[in-house]
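Q: Given next are the chains, with one letter for each unit.
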Amino acid sequence: MTETGIKMDKLKVLRPKLRIGLLALQILLPLVGYYALQADQLGLTWGTSVAFAVSMAVLIWIG
Amino acid sequence: MQLSLSLWNWLLALLPVLVVVVLMLVFRWGGSRAGGLGWFAAVIVAVLAFGAGFELLVYAEVKAILLSLDVLFIIWTALLLFNIAREAGAIRMIGRALPAMTGDRVMQSLLIGWLMVSFLQGMGGFGVPVAVCAPLLVGLGYSPVQAVAMAAIGHGWAVSFGSLASAFQTLMAITGLPGAVLAPFTALLLGIACIPSGLLVALIGNGWKGLRRAVGPVLVIGLVMGAVQYLLATNGLWTLGATGGGISGLLVGLLWMRLPKYRMKADAGSVPPETAEDQGKSLWLSLLAYGLLVVLAFSINLIEPVDSFLSQVKLTLNFPVLTTSLGWETAAGPGRLINIFGHPGAILLYTCIISYIIYRRVGYIQKGALKSILGRVVKSGVNSSLGILAMVGLASVMLHSGMTYLLAQGLSEGISRAAYPAVAPFIGALGAFITGSNNNSNVLFAALQMNAAQLLNLSVPLILGAQTAGGALGSVLAPAKVIVGCSTVGLAGQEGSVMRKLLGYGAVTIGTVSLAALIISLLI
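In order, the protein sequence lines correspond to chains A and B.
Start counting the first sequence at 1; every next residue gets the next number (this note's numbering).
Start counting the second sequence at 1; every next residue gets the next number (this note's numbering).
Careful, some of the hints might be misleading.
Claimed, not checked - List time: in silico DSS-like cross-link candidates among lysine-lysine, alpha-carbon distance up to 27 angstroms: (1) Lys10/A <-> Lys379/B; (2) Lys209/B <-> Lys12/A; (3) Lys501/B <-> Lys209/B.
Everything labelled a hint here was simulated from the structure, so no lab data went into it.
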């Protein structure tokens, strides 16, 4: 089996767990961002927003 | 610089919707992937062309989370209820009982795919009818794609007055018009849509031959359901419109199956054999979960002291005024209010807990089965939840940056007075397609439709009736709802195939309302 094939197999096994993690992140990150914004913590708000966008990109990637 | 309508702006506002539709229909992507890319498209267009700032985007996403949680509460508990009932043997038992009651496949499909879904829409909300009935149709031998399409198309006519008429209540709140003014045209248009909905269910499940056989029962039962809904809605009982229509439809449907022509005995091969694990089980006891759901939903929603007691804890977040650099403003106020203990999801959860305890006591569910039940729920629930989060996020960005408003404005300004009544249902359907909800479509477009009707000197109640009827029929085609249906029949990730099938049928039901609104506008 090629290296790419092994990687794809690993991804297939990991996908369900990744999806559960993504679901938790996509619910929690905006809520953390809300409270950070209310408390004028702009750095934290930006951090959660970037992490949210990355989680969305991962979701598109893993399908 | 301000938000102004031009062809270029209109096309840009349409882009996120096009991205989702093309990815799902042409490239057959699943809802979560297509919704994710659509969300990126919406954010980029909102920032570059509609003046959305960082703060607006953050708050729009948080509002989307609240809306999504409201919906996900129902989806997860509906999935749990279904898997508990399945473990107790309910689905297999219905699969055997229905063909035994009548061997007529057309009547079987109408009973579940048209009448039962409509009744459940009266009581339940977002996605519950499809989540509950699509697996039952699969149990009757229909393919998963057929099952989701039948259950979705079958209940569209019951959406505005379903879920205790929440979408209709929103229409009243947004326009400031009383229910007595809005109900007649709304109920009339939805009653008309009820007939093609039933015929399409027969067509999807049984082909053209089935459609011909369904004409008689669909006309009679459809007239009864439409009339009961009309009478309830126009007499101040709009909260019970779809429930009353659904119950009367089920009763007439069961009577219709007693007619000699439709009572035909099942072929020996069409009744699935009893499995060893179902031996000695009672059909009625195995259906207890659904009976209990009906009793609890009615009790909690209709008995005022119970409703008030359970409605004491509500979850929401407050939001400031949100303004784009182009001047599009969203008023300050709370986000979606989640009534924790009186929520439809909570009612489903109570049903799950009580049913599970009873099924365990009578031995219908074996010890240790809970783990496999929860495993199946998580497997289906995670996929659909990710899709819904992405789609609702996309809709929220579009709404708060003025893109959705611009889409509707373009449609209404480019259309003549004579043609507007025919287009109004499609505007309602567009809003529901984007947001996944008749309620949200009314939030987005009711004021716009009312202004357009006044400017064009058209009947305001007729145009608003067409708006909410189109929203009702369009909501069942929305990716967010299709994802729910697909998750319960093992089609997660294949939502595109179902949507391809659904869009054509949806065009027929919305087209029927469009034609009816046009004819009524010429007569009044």
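Q: All the hints need checking, so say for each whether the structure fits it.
A: Hint by hint, here is what the structure shows:
1. Lys10/A <-> Lys379/B: holds, 18 angstroms
2. Lys209/B <-> Lys12/A: violated, 44 angstroms
3. Lys501/B <-> Lys209/B: holds, 19 angstroms
The earlier numbered hint that this structure contradicts is number 2, and it is the only one.
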